[in-house]
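Asker: Letter by letter, the chains look like this.
Protein chains: 2
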Amino acid sequence: MLVIAERINASRKAIRAALEAMDAAAIQKEARAQDAAGADYIDVNGGTLPGREPELLCWLVDTVQAVSDKPLCLDSPDAAALAAALPRVRTKPPILNSISLERARFDGVLALALEHRTKLIALCQGESVPAASAEDKVALGAELVERLTRAGIAIGDIYVDPLVFPLGTDSRSAHATIEAIGELMRRFPGVHTTCGLSNVSHGLPARKLLNRTFLVAALSRGMDAAIVDPTDSQLMSTIYAAQAVFGRDEYCLGLIEAFQEGRLAA
Amino acid sequence: MLVIAERINASRKAIRAALEAMDAAAIQKEARAQDAAGADYIDVNGGTLPGREPELLCWLVDTVQAVSDKPLCLDSPDAAALAAALPRVRTKPPILNSISLERARFDGVLALALEHRTKLIALCQGESVPAASAEDKVALGAELVERLTRAGIAIGDIYVDPLVFPLGTDSRSAHATIEAIGELMRRFPGVHTTCGLSNVSHGLPARKLLNRTFLVAALSRGMDAAIVDPTDSQLMSTIYAAQAVFGRDEYCLGLIEAFQEGRLAA
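Chains A and B supply the protein sequences, listed in that same order.
Residue numbering for the first sequence follows this note's numbering, beginning at 1 and increasing consecutively.
Residue numbering for the second sequence follows this note's numbering, beginning at 1 and increasing consecutively.
Chain A with its partners taken away, still in its complex shape (with noise of 0.2 Å):
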């Protein structure tokens, strides 16, 4: 199971605030506090200044991994931005966050996963709109998985997010995500599958639980990475939970390991 920290994201006040400042410490706390968490790789988002995207996604490279050794996440849909920080990796091969089946996305994202030999997300968005019902996910999922290890991408490095969308518009589409995961997993041995969690509860109270709750399901359809919130003590929780509900945790060590630990928030 691949915690993928989510926190370092221009999408958020505090982050764009540090971006615009160049405030490396606010970031630096951030990273610090995802990889104590638990985070596997940590996502880093620089992108609501217009044309300032592949600076900034640099700056984040360099100031990340100045804290912490874990893996990044570089999360952009512009490969010039991609391109731009994938030479100043240290650490190990990054996840592009991510690819998609848009022809201005596709070719470019794609040769730089080949050339930096990274792990890739692949979003089930085609040229129109991004697919609703679990036949049009596991449609475009399958369309992914096929074109890029035709092109030599490993199965192994692929991670496809179905795209869940808010409860609120659409209450059957967590539903629809939920078994286009399961299908995606059976029909495709090896290929990884993830997803944004809080688009399902957009508009909604009690946000959190809603999330996690779509969480579970995901995860009990085989669902093994997640873009998340590691300091979320109650989500983390939930993980361990699952990981042990599912079987993939060996007698419970991991979960009571946690416990013992004092990181259980039941």
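Hint data in this document are derived by calculation from the structure and do not stem from the laboratory.
Please note that the accuracy of each hint is not assured.
Copies of the same chain look alike in the list, so a pair counts if it fits in one copy or across any two.
Listed below are the simulated EDC-like cross-link pairs for lysine to aspartate or glutamate, each with C-alpha atoms no more than 20 Å apart in a straight line [said to hold, decoys possible]:
#1 K92 <-> E115
#2 K208 <-> D232
#3 K208 <-> E261
#4 K208 <-> E257
#5 K208 <-> D170
Given the structure of chain A, go ahead and fit chain B onto it with the hints provided.
Answerer: Below, chain B alone, put in the same frame as chain A:
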């Protein structure tokens, strides 16, 4: 989603003491609390005092019905105790908890269900050891559904419980149970599934967290009833969230109402 309230059970110390003392006030306090907290059925179990189960089950039925209109779930493996209690039921038809394929139990409980037109919880338990693998759980569940419907029980009156075992001794049991629930719901349209949760976490830390995590995964496979403690607000909140996440709460109105009424423990 049927919430079967589990607190009035002789295996709990306080209830055993209330049964020994025939303390109606203590039982009625539990009945009222579970009714108010959202129970759909109230389970009554009088079964640990040798030889007194028929008498005590009758007393529980009378005692609970004096303060709650909620239908009952008569909880005994003993057809004689169920036969004694059934004529006293004044609320709508109860659930009999439970029948299994064990010969000593099957015919007696089935005859009562047919006579009194009750619902039935059907345990995936044969004459020998209970089923451990998903395949064995489905096979026993299928045999129960087929034999019960052939005998005249409506499929919509059957609640199959695949029986989950402690993760500490069988780390695959929860996953097998969840898989069995999904397969039974697919194979027998109209049948219901349910599960007692707490066995899954026996002997482990963070039991309520594990129980909730297992519940979410089971609900994601279509389980539509559960034997739970409705006064546990975190558990009930998880049920509200799961109904929303799995597309069974149109426009999330149930979740939003629970939030507005202060019933969500997020």
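Asker: When no copy is specified for K92 and E115, does a C-alpha distance of 20 Å or less occur within a copy, between copies, both, or neither?
Answerer: Answer is within: at 14 Å inside a copy they meet the 20 Å cutoff, but 69 Å across does not.
Asker: At most 20 Å between alpha carbons: which applies to K208 and E257, within, between, both or neither?
Answerer: between (24 Å within a copy, 17 Å between copies)
Asker: Treating 20 Å as the Cα threshold, decide for K208 and D232: within, between, both or neither.
Answerer: both (9 Å within a copy, 18 Å between copies)
Asker: Can you tell me if K208 and E261 fall within 20 Å by alpha carbon in one copy, between copies, both or neither?
Answerer: between (23 Å within a copy, 18 Å between copies)
Asker: Pop the pair K208 and D170 into one bin, within, between, both or neither, using alpha-carbon distances up to 20 Å.
Answerer: Within. Shortest intra-copy distance 18 Å satisfies the 20 Å Cα cut-off; inter-copy 30 Å does not.
When the structure is compared with the earlier hints, no violation turns up for any of them.
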